[in-house]
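**Q** So the sequence lines, in the order shown, correspond to chains H and S.
The first sequence maps to residues 617 to 943 in the working numbering.
The second sequence maps to residues 5 to 523 in the working numbering.
Think of the hints as simulated: they come from the structure by calculation, not from any bench.
Bear in mind that the values here come from a model prediction, so they are computed numbers and not experimental data.
Don't be surprised by glycine CBs; every beta carbon is placed ideally from N, CA and C.
One thing to keep in mind: the hints can contain errors.
[Stated by the list, open to error] Take a look, some chain S residues computed to stay more than 12 Å from chain H by CB distance:
| hint | residue |
| --- | --- |
| 1 | Y84 |
| 2 | D97 |
| 3 | I134 |
| 4 | T194 |
| 5 | D248 |
| 6 | F267 |
[Stated by the list, open to error] Below, computed lysine-lysine pairings styled on DSBU-like, alpha-carbon distance capped at 35 Å:
| hint | chain 1 | residue 1 | chain 2 | residue 2 |
| --- | --- | --- | --- | --- |
| 7 | S | K257 | S | K367 |
| 8 | S | K130 | S | K161 |
| 9 | S | K360 | H | K731 |
| 10 | S | K269 | S | K253 |
| 11 | S | K200 | S | K393 |
| 12 | S | K200 | H | K731 |
| 13 | H | K731 | S | K161 |
| 14 | S | K269 | S | K70 |
| 15 | S | K360 | S | K393 |
[What the hints assert, rightly or not] Cβ-to-Cβ under 10 Å is the rule here; a few derived chain S residues that face chain H:
| hint | residue |
| --- | --- |
| 16 | Y123 |
| 17 | A324 |
| 18 | P344 |
So you can see what is in the structure, the chains are spelled out below.
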Amino acid sequence: MTERQKDLFQKFAALASLLGLVAIFSFTSSAFFSVGNGMTVALQVTSIAYLGIAATCVIITGGIDLSVGAILALAGVVAAMLVKAGAPVPLGMFAGLLVGGLCGLINGLCVTVLKLPPFIATLGMMLVARGVALQLTDARAISGLGESFAELGNGSLFRIVKIGADGFPDVVFVGIPYPVVLMVVLALAVSILLNRATLGRHLYAIGSNLEAARLSGVNVNGVTLFAYVLSGLLAGLTGCVLMSRLVTAQPSEGLMYELDAIAAAVIGGTSLTGGVGTVSGTVIGAFVIGILRNGLNMSGVSAFTQQILIGVVILLAVWIDQMRHRK
Amino acid sequence: MLSSVSDSARPGVPSPTEAGVLLRLEGITKRFPGVLALDGVSFEVRAGEVHAVCGENGAGKSTLMKVISGQYQPDAGGLYYRGEVCRFQSTSDSEAAGIAIIHQELNLVPHLTVAENIYLAREPRKGWLIDRAALHRQARQCLDRLGLDIAPNALVKTLSVAQQQMVEIAKALSLNAQVLIMDEPTSSLTGSETEKLFAIIHELKRTGVGIVYISHRLDELALIVDRVTVLRDGRYVSTENLADTSVEKIVAKMVGRSLDDVFPKRTSVPTADVLLRVQGLTRQGVFHDVNFELRRGEILGFAGLMGAGRTEVARAIFGADPIDAGEVFLAGQRLTIHSPRDAVRQGLAYLSEDRKHDGLALKMNVAQNITLAHMEAVSNRAGMIRFDKEQDAARHYIGALDIRTPGSSQVVRLLSGGNQQKLVISKWLFRESRVLFFDEPTRGIDVGAKYAIYQLLDQLAGQGIGVVMISSELPEIMGMTDRVAVFHEGRLVTIRPTRETHQEEVMHYASGRSVPAAS
Numbered sequence: 617m618t619e620r621q622k623d624l625f626q627k628f629a630a631l632a633s634l635l636g637l638v639a640i641f642s643f644t645s646s647a648f649f650s651v652g653n654g655m656t657v658a659l660q661v662t663s664i665a666y667l668g669i670a671a672t673c674v675i676i677t678g679g680i681d682l683s684v685g686a687i688l689a690l691a692g693v694v695a696a697m698l699v700k701a702g703a704p705v706p707l708g709m710f711a712g713l714l715v716g717g718l719c720g721l722i723n724g725l726c727v728t729v730l731k732l733p734p735f736i737a738t739l740g741m742m743l744v745a746r747g748v749a750l751q752l753t754d755a756r757a758i759s760g761l762g763e764s765f766a767e768l769g770n771g772s773l774f775r776i777v778k779i780g781a782d783g784f785p786d787v788v789f790v791g792i793p794y795p796v797v798l799m800v801v802l803a804l805a806v807s808i809l810l811n812r813a814t815l816g817r818h819l820y821a822i823g824s825n826l827e828a829a830r831l832s833g834v835n836v837n838g839v840t841l842f843a844y845v846l847s848g849l850l851a852g853l854t855g856c857v858l859m860s861r862l863v864t865a866q867p868s869e870g871l872m873y874e875l876d877a878i879a880a881a882v883i884g885g886t887s888l889t890g891g892v893g894t895v896s897g898t899v900i901g902a903f904v905i906g907i908l909r910n911g912l913n914m915s916g917v918s919a920f921t922q923q924i925l926i927g928v929v930i931l932l933a934v935w936i937d938q939m940r941h942r943k
Numbered sequence: 005m006l007s008s009v010s011d012s013a014r015p016g017v018p019s020p021t022e023a024g025v026l027l028r029l030e031g032i033t034k035r036f037p038g039v040l041a042l043d044g045v046s047f048e049v050r051a052g053e054v055h056a057v058c059g060e061n062g063a064g065k066s067t068l069m070k071v072i073s074g075q076y077q078p079d080a081g082g083l084y085y086r087g088e089v090c091r092f093q094s095t096s097d098s099e100a101a102g103i104a105i106i107h108q109e110l111n112l113v114p115h116l117t118v119a120e121n122i123y124l125a126r127e128p129r130k131g132w133l134i135d136r137a138a139l140h141r142q143a144r145q146c147l148d149r150l151g152l153d154i155a156p157n158a159l160v161k162t163l164s165v166a167q168q169q170m171v172e173i174a175k176a177l178s179l180n181a182q183v184l185i186m187d188e189p190t191s192s193l194t195g196s197e198t199e200k201l202f203a204i205i206h207e208l209k210r211t212g213v214g215i216v217y218i219s220h221r222l223d224e225l226a227l228i229v230d231r232v233t234v235l236r237d238g239r240y241v242s243t244e245n246l247a248d249t250s251v252e253k254i255v256a257k258m259v260g261r262s263l264d265d266v267f268p269k270r271t272s273v274p275t276a277d278v279l280l281r282v283q284g285l286t287r288q289g290v291f292h293d294v295n296f297e298l299r300r301g302e303i304l305g306f307a308g309l310m311g312a313g314r315t316e317v318a319r320a321i322f323g324a325d326p327i328d329a330g331e332v333f334l335a336g337q338r339l340t341i342h343s344p345r346d347a348v349r350q351g352l353a354y355l356s357e358d359r360k361h362d363g364l365a366l367k368m369n370v371a372q373n374i375t376l377a378h379m380e381a382v383s384n385r386a387g388m389i390r391f392d393k394e395q396d397a398a399r400h401y402i403g404a405l406d407i408r409t410p411g412s413s414q415v416v417r418l419l420s421g422g423n424q425q426k427l428v429i430s431k432w433l434f435r436e437s438r439v440l441f442f443d444e445p446t447r448g449i450d451v452g453a454k455y456a457i458y459q460l461l462d463q464l465a466g467q468g469i470g471v472v473m474i475s476s477e478l479p480e481i482m483g484m485t486d487r488v489a490v491f492h493e494g495r496l497v498t499i500r501p502t503r504e505t506h507q508e509e510v511m512h513y514a515s516g517r518s519v520p521a522a523s
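With the sequences and hints as input, model every part of the structure.
**A** Next up, the structure:
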């Protein structure tokens with residue numbers, strides 16, 4: 617097989633297992649296969665997908681970002697506090713985004729200037745960001761944020777509602793939730809960045825061979841910094857969307873999300889040694905995790921069993937990937 | 005120089021008898037998906053002989069060695085060790101039988117001591133604990149047997165590459181190896197270290213060990229080898245006593261045709277205008293007050309022993325390492341270079357001696373590697389890649405440099421050494437570089453591909469590019485350069501027109517034996 621065929625095979629295998637999951641759950645639960653539940657799954661997957669896309673960019677450079685779960689909490693909390701203090705919602709959320717970007721910038725500087733291993737740099741940020749979020753809020757949730765704060769997470773595009781004959785509203789189409797729209801836009805944008813932009817090419821080059829990239833004149837520090845800032849920004853975005861969906865800002869939100877994000881990337885074929893990975897693969901990976909959770913829930917499988925199954929799926933996915941790369 | 009091989013008598017070396025065959029392989033065939041790596045190859049090793057296996061990259065040498073050591077199982081054919089049929093399932097099987105392999109990439113654990121490495125996974129024990137006294141005593145004995153002055157409790161990472169290699173040999177002997185396979189053992193050794201290694205090989209021969217010797221440096225064969233087996237394209241070509249053949253004949257068999265000359269005729273003539281001028285370049289403790297000029301269209305050789313500072317000077321000019329003093333002028337203009345990025349922009353290029361480690365992005369494809377240093381040329385103003393332009397560039401260089409690849413989307417890792425080297429050159433040509441620093445341009449490359457690389461260097465000089473060729477192979481320096489700069493311990497000792505000097509004189513300067521009194 618040529619590399620291209622192998623790539624397609626890998627994509628197809630991941631996609632096929634995704635469709636297999638859908639087929640199985642459609643049997644085990646009558647409510648699973650419906651437009652409504654489809655949108656629910658898509659909505660639930662968005663957080664993993666945003667963070668997974670961010671993780672893909674960082675892992676392609678040969679790095680890792682463990683701090684996204686904590687950054688999303690801090691960003692969401694900052695946004696909510698500003699809104700609570702009277703700031704307009706867009707301004708508050710923009711501030712949340714900036715906080716995420718700033719955390720990412722610090723991560724990137726630790727990696728490029730201080731030359732800390734990415735694992736350590738982002739582990740430190742994970743603790744710091746979570747600590748700041750808890751400190752700011754005294755570990756209490758911020759609620760009563762108002763309807764406009766909830767719009768981003770709960771609104772939908774193309775929602776069609778008719779007033780029925782009985783005078784009650786009748787939902788014809790549930791609409792596409794904004795977070796899902798955002799996910800599609802984000803996936804397309806980052807996909808274009810990775811495949812078509814010189815910046816994306818440089819991300820792959822750094823992960824494939826850092827020294828070769830440096831000696832070829834690639835701005836290694838600048839490009840690496842970009843990956844971490846992007847990761848921070850996307851974590852900030854995830855924080856805003858998630859808190860908006862819940863209409864509550866929880867400083868303890870997003871615990872272990874970084875691991876879901878890394879798992880999604882890895883299931884989608886991203887190599888932890890760098891230089892390999894695609895957005896489409898990661899999105900498929902995110903859906904595998906999301907559909908597993910949703911389907912198992914609807915089939916009445918306990919949360920503990922779900923963890924076990926998802927763990928096994930990750931091991932299987934990486935094992936298959938390794939088999940593919942052996943010789 | 006090489007033809008003297010055939011008539012060199014080697015008294016004192018017992019000629020191996022027909023009897024005493026330690027290892028015999030018959031009709032070994034090994035198939036990989038789409039490739040017939042070995043096709044009915046036969047081979048034998050006698051006690052007390054050094055048996056060289058020669059062939060170009062991809063001829064099947066390493067596959068054959070992996071079959072012997074049990075890493076691969078042959079699809080057909082038989083392996084007989086001391087007259088008995090063997091089927092090794094893993095390297096531990098072959099080691100247990102007495103066959104040890106020393107890989108080109110050394111397999112030692114850097115953070116453990118010499119003794120711990122020699123007895124790794126078979127440490128002498130007292131109950132549950134390691135018997136450290138016995139460990140050191142036994143390791144000491146192993147090292148003494150080889151006459152090595154290495155402390156058993158030294159950490160392996162503190163040893164030189166040559167010393168590490170000796171430790172590997174000591175380890176193999178501690179396994180009571182009767183057959184020792186050495187893969188490119190001298191590729192990273194200096195001249196005197198190589199002599200030391202050869203002395204040990206002679207000693208091993210005397211004790212009846214059979215040695216399989218793989219090397220690209222054919223001129224070494226005369227010094228130690230008894231018989232030579234040549235492989236080509238996975239097929240057995242011949243086995244001969246070295247005394248009955250010559251290096252030229254071996255090379256002709258390896259490539260399947262005769263090579264009239266090792267080096268192509270230089271067609272280009274250097275111009276008079278100075279392209280690059282380096283003044284007083286100094287990096288404390290590494291090199292000191294280096295001055296030289298490179299002319300347009302010139303090939304300037306950097307000769308010297310390993311560690312003389314040649315690579316370091318090139319890397320410093322290229323901005324990959326910092327400097328403490330000195331100036332660099334390109335076409336009369338003073339350059340300020342703080343990083344390789346600045347250097348690349350100014351039209352400098354550095355082709356590393358280690359392609360895999362810092363020359364190529366191995367997971368990326370041919371086209372992506374060619375354009376990596378010059379993405380601006382294949383992208384629009386918004387930073388989006390124009391794939392049509394990229395493909396054009398890739399197709400052009402694949403054709404112009406005769407890069408053997410199934411296509412421009414082939415992953416670079418799968419190409420041969422010569423083709424990888426051509427790819428690195430393509431990258432810098434596409435960048436329109438004006439000065440090329442070429443570090444060990446033919447290391448690990450087939451004889452046939454070497455010629456192509458030399459021709460390419462000549463062509464580049466003809467186009468007005470200035471080439472600095474750093475090489476540890478003096479024949480290459482003498483054969484290809486216009487002038488040669490000789491380095492010794494961080495100083496540029498002398499620059500001589502190549503035509504007016506000879507190999508011995510260059511060696512003389514390089515070993516520091518006639519450094520001018522005041523410098």
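**Q** A separate judgement is required for each hint: does it hold in the structure or not?
**A** Each hint, compared with the structure:
1. Here Y84/S stays apart from chain H, with its beta-carbon at least about 28 Å from theirs, past the 12 Å limit.
2. For D97/S, the condition that its CB be more than 12 Å from all CB atoms of chain H holds, with the nearest at approximately 21 Å.
3. Remark: the non-interface label on I134/S is consistent with the geometry, its nearest Cβ contact in chain H lying 31 Å away (cut-off 12 Å).
4. The claim that T194/S is not at the interface with chain H holds, since no C-beta of that chain comes within 12 Å of its own (minimum 24 Å).
5. Against the 12 Å criterion, D248/S stays outside the reach of chain H, whose nearest CB is about 39 Å from its own CB.
6. Listed as a non-interface residue, F267/S keeps its Cβ farther than 12 Å from every Cβ of chain H; the least gap is roughly 28 Å.
7. Between K257/S and K367/S, the direct Cα distance comes to roughly 34 Å. Compliance with the 35 Å bound is thereby established for this hinted pair.
8. Using a Cα cut-off of 35 Å, the hinted pair K130/S and K161/S holds, with the two alpha carbons roughly 27 Å apart.
9. Distance check on the hinted pair: K360/S and K731/H sit about 23 Å apart at the alpha-carbon level, within 35 Å; holds.
10. Restraint check: the Cα-Cα separation between K269/S and K253/S comes to about 21 Å, which is no more than 35 Å; the hinted pair holds.
11. Straight-line distance between C-alpha atoms of K200/S and K393/S comes to about 53 Å, which puts the hinted pair past the 35 Å bound.
12. In summary, the hint linking K200/S to K731/H is not supported, as the alpha carbons are separated by about 40 Å, beyond the 35 Å threshold.
13. For the hint pairing K731/H with K161/S, the CA-to-CA distance comes to about 23 Å; that is within 35 Å, so the pair holds.
14. Of the pairs offered as hints, the one joining K269/S and K70/S is violated, with about 39 Å between alpha carbons and a cut-off of 35 Å exceeded.
15. Using a Cα cut-off of 35 Å, the hinted pair K360/S and K393/S holds, with the two alpha carbons roughly 26 Å apart.
16. Taking 10 Å as the C-beta contact cut-off toward chain H, the hint placing Y123/S at the interface is violated, the least distance being around 31 Å.
17. At about 6 Å, the closest approach between the beta carbon of A324/S and any beta carbon in chain H falls short of 10 Å, and the interface hint on this residue holds.
18. At about 5 Å, the closest approach between the beta carbon of P344/S and any beta carbon in chain H falls short of 10 Å, and the interface hint on this residue holds.
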